[in-house]
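These are the residues of each chain, in order.
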Amino acid sequence: MSVSFALARSAGRRVLWFLFVGSLIVFMIGPIVWLGLRAFSGLWLYPQLLPKQWTVNGWRQVFNDPNLSHSMKLSFEFAPVVTVASAAICLPAAYAFSRYKFPGRRFLLISLFAVNAFPKIGLYISMAGVFYSLNLMATFLGVVIVQLIGTIVFMTWIPAAAFSAIPRSLEEAARDVGAGPLRVFFRVTFPLAAPAIFVAMILSFLASFDEAQGTFLVGVPKYITMPTEMYTLVLNYPEQVAAVFALLLAVPSVLLMALVRKHVMGGKLAEGFQLR
Amino acid sequence: MSTERRLDGAQQRAEAPASPAPERTDVGLQIEHVSKDLGGRTIVDDMQLEVKAGELTCLLGPSGCGKTTTLRMIGGFLIPDRGRVLIGGNDVTKMSPDKRPTAMVFQNYALWPHMTVFKNVAFGLRLRKLPRQEVSDRVAQVLELVGLTHHVHSYPARISGGEQQRVALARALVLEPKVLLLDEPLSNLDAKLRVRVREDIREIQQRIGITTVFVTHDQDEALSISDRIAVMSGGNVEQYADARSLYREPETTFVASFVGAMNSYEATVVPGGLELPGKLVVPCDDLSATGDGTFEAGVRPEDVHVSLNGDGAPADVVREVPRGHYKEIVLNAGPNEVRAFVSADLPPAEHVRISFTRALLYRDGVLQRSSAPVSV
Ligand SMILES: Nc1ncnc2c1ncn2[C@@H]1O[C@H](COP(=O)(O)OP(=O)(O)OP(=O)(O)O)[C@@H](O)[C@H]1O
Ligand SMILES: [Mg+2]
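Keeping their order, the protein sequence lines are chains A and B.
Numbers given in my numbering equal positions in the first sequence, counted from 1, plus 4.
Numbers given in my numbering equal positions in the second sequence, counted from 1, plus 11.
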C-alpha cells in the first residue's frame, strides 16, 4: 500500500519535473527554432503548425540587398573601435575605483548605473542636441560616442571587481623587486584581471554591435549599421527577411559567447590562478 | 655580481673582520625617530632602532603594536611622517620600494599566480635586462640555497605552503638586497613545519650574512632565531636586546609579562627577603634593587626554589603539571599564587617551603637596579 503510494508520488514528481524542463526548453529554444523555421518558410498561415512551403527567398533577398554588405562592414568597424575606446577610457577608471579612495567615488559608481536606469532614447535625444552644436551628427566619432555609453557599465564594473580581487601585496611584491607602477600594471595586475577584462570587452563588443536606437539617431543617413538596417528591413520586407537578418545578427553573439565559455569559464585562463 | 660571489663575500665577512669601505659597513639599518599616523592615530611613535650589518632582528609584540607598519616603512611601502630610515648609512626615507635595496617576504607570500616558480624568481632579474644565461644561473643558485630543486616550472598554486614560502624567500634573495624583511613569514605553516622553516631561514641568513628584520608575535620564534629582539608596544620599542638579556633582565613589566612566564607581586624589601601580601616573607638571594617602599616584584618560575622541608616561606601545593623533563607546580603562599618550575624528580607533597633565587623589582613599570646593568 505505502509502496505503491510512494511510487505514485515519485511518478508524480517525475511528471512535474518533465513539465518544468519542457517548458524551460520551449521558452529558451522555442523562439530560436521559430526564427529558424521562419527564415526558410514560404507561406505560413495561422492554424498550420509547420509552414507548407520551404524557400530560401528570404536569404536571397537579404543577400541581394545592396545595403547589407555595407552595413555589415560598418558594424564590424564600429564594434572593435568602440570596444577598444571603451577599454582605454574605462580600464583606468576601473583601476582607480578599485584601488583608490577619492571624493565622489561612490557617487560616480552609482551614476554609472544611472545611465542605464532610465530609457536610453531620452538620453540619446538630449545628446543629439549637443551633437548638432558640435557637428557630430552623422559622423563616425558621433556614432562611436553614442555607442560607448552602453558599454561603460560593463567596462568599468567587471574589471573593477577583478582588480579588487587581486591582493595588493601581489603588486607590492612587484614594486619590491624593481618594477615601476606601469610595469606592475602590465605584468601583474593586467594579466591577473585579463579573464574578466576579456569578458567585459566581449560584452562591450556585443553591446556596440547590437546598439540600434542611438546609432540610428546619430548615424543616419551616413552610418547604417546592421541593427539599424534591420529597422528598414522589418518595415519594408516580408517577415522572413527580418528572421534571416535576426539570425545573421545573432551569429557574432553566439560565436563570442562560445569563446567566452571555452576560454574563461572552461578554466583555461583560470588554471593555476588560485593560491591555496 | 653572481650569487656565488656574493655568498663567498658573505662568508669572508663572517670570518675576517670587516675591511674598510666607503660606507659604514657595521650599520645595516637605522630607524631614527620615525613616526607614522594612520587613520588619525599615531601608529608608530618616535621609534628608534639600529640593526647591525648581518644581524637578524625580530620585531616582537602584540597584535596592533605597529610591527607591520614599521616593516612597511623600511620597505618603502609607507613613507614616515617624521624621522629617517637609513640603510648602510644612506637616507632612503622617501625612496620608493623599487629603488630601495630591501626585499620583502610577504605574510601570504604574494607569489604571482600566473608565473611559474622560475618566472617568479627571475622577474626582478629580467627587469634588470640581464643576459638569459645569467638569469637562469642565478635563479638556479638561489633556489638551491633555499632548498627548492623540484617544481621549478610549476605554478605556485601547485606546490605546498612550505615550498611557496621558499619561493618567496628565493625571490627576495635573488636580487641580493642589503636588507631582508619578513612579515610573519611562518604564520601560514603548520606547527612542525614552522620550527623547521624558521631554522632554515636562520641558517640561510647567517650563511649569506644579510641584515634581516623579522616580524613575529610568537616569542618562541623570536627567542630562537634572533641576534636581537625589539619588543614593541604601542608603536614604540620597549626593549631591544638579545634573547638572554630580554629574558633575564626585562626592562619593563610589559616585557617581563610578554616574554616568558612571570610571577608578579606587590612586594616590600625587608632584611633577608621580600615581603609579599599577607605579611609573607619569602627569602630571596638576589634582588635587582634595594630600597624602601613597595615594588612590583617579578619572579621567573624557574627562580622559585621549592623544598620539602628547610628554610623558606610555607606554601600549599594546588596542582602539579608534568612538562616532561621538569614539572610546573602551582602553589598558594598565603593569598599569593606562585608558579614554579621544578625538577621532575621532586616527590609530590602537599606542604612545601619556597624561596626565590632571583627577583626583579619594578617601580612605575620600569626595572630598578642597584648597580649598572650587566653588559652583554
Ligand atoms: N591604513 C591604515 N589606516 C588606519 N589604521 C591602520 C592602517 N594600517 C594599520 N592601521 C592600524 O595600525 C595599527 C597597527 O597596525 P600594524 O599592522 O602595524 O600592527 P601589527 O603589529 O603588525 O599587528 P599584527 O600582529 O596584528 O599584524 C592597527 O591598530 C591597525 O588597525
Ligand atoms: Mg602585522
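Worth double-checking, as some hints may not be accurate.
[As the list claims (entries may be wrong)] Listed next, the in silico DSSO-like pairs over lysine-lysine satisfying Cα-Cα at most 27 Å (straight line):
| id | chain 1 | residue 1 | chain 2 | residue 2 |
| --- | --- | --- | --- | --- |
| 1 | B | Lys-203 | B | Lys-105 |
| 2 | A | Lys-105 | B | Lys-338 |
| 3 | B | Lys-105 | B | Lys-63 |
| 4 | A | Lys-226 | A | Lys-77 |
| 5 | B | Lys-63 | B | Lys-110 |
| 6 | A | Lys-105 | B | Lys-203 |
[As the list claims (entries may be wrong)] A short list of chain B residues far from chain A (calculated; beta carbon distances all over 10 Å):
| id | residue |
| --- | --- |
| 7 | Glu-145 |
| 8 | Gly-245 |
| 9 | Val-292 |
| 10 | Asp-327 |
| 11 | Ser-366 |
Rather than coming from a laboratory, the hints here were simulated on the basis of the structure.
Small disclaimer: the values here were computed from a predicted structure and weren't measured.
Don't be surprised by glycine CBs; every beta carbon is placed ideally from N, CA and C.
Hints versus structure:
As the CA atoms of Lys-203/B and Lys-105/B are separated by approximately 40 Å, the hinted pair breaks the 27 Å bound. Distance check on the hinted pair: Lys-105/A and Lys-338/B sit about 56 Å apart at the alpha-carbon level, beyond 27 Å; violated. Simply put, Lys-105/B and Lys-63/B have alpha-carbon atoms about 22 Å apart, close enough for the 27 Å limit, and the pair holds. Straight-line distance between C-alpha atoms of Lys-226/A and Lys-77/A comes to about 13 Å, which keeps the hinted pair within the 27 Å bound.
Between the alpha carbons of Lys-63/B and Lys-110/B the distance comes to roughly 22 Å, so the proposed pair stays at or under 27 Å and holds. Distance hint between Lys-105/A and Lys-203/B is unfulfilled; the C-alpha atoms sit about 41 Å from each other, more than 27 Å. Distance check on Glu-145/B: its Cβ is at least 16 Å (rounded) from any Cβ of chain A, clearing the 10 Å threshold; non-interface status holds. Distance to chain A confirms Gly-245/B as a non-interface residue, since its nearest Cβ pair spans about 26 Å, more than 10 Å.
With a least beta-carbon separation of about 57 Å from chain A, Val-292/B lies farther than 10 Å from that chain, consistent with its non-interface assignment. A cut-off of 10 Å between C-beta atoms confirms that Asp-327/B is not in contact with chain A; the least separation is 52 Å. With 10 Å as the threshold on Cβ separation, the claim that Ser-366/B sits away from chain A holds: the shortest Cβ distance comes to roughly 53 Å.
In this structure, the earlier hints numbered 1, 2, 6 are contradicted, and the remaining ones agree with it.
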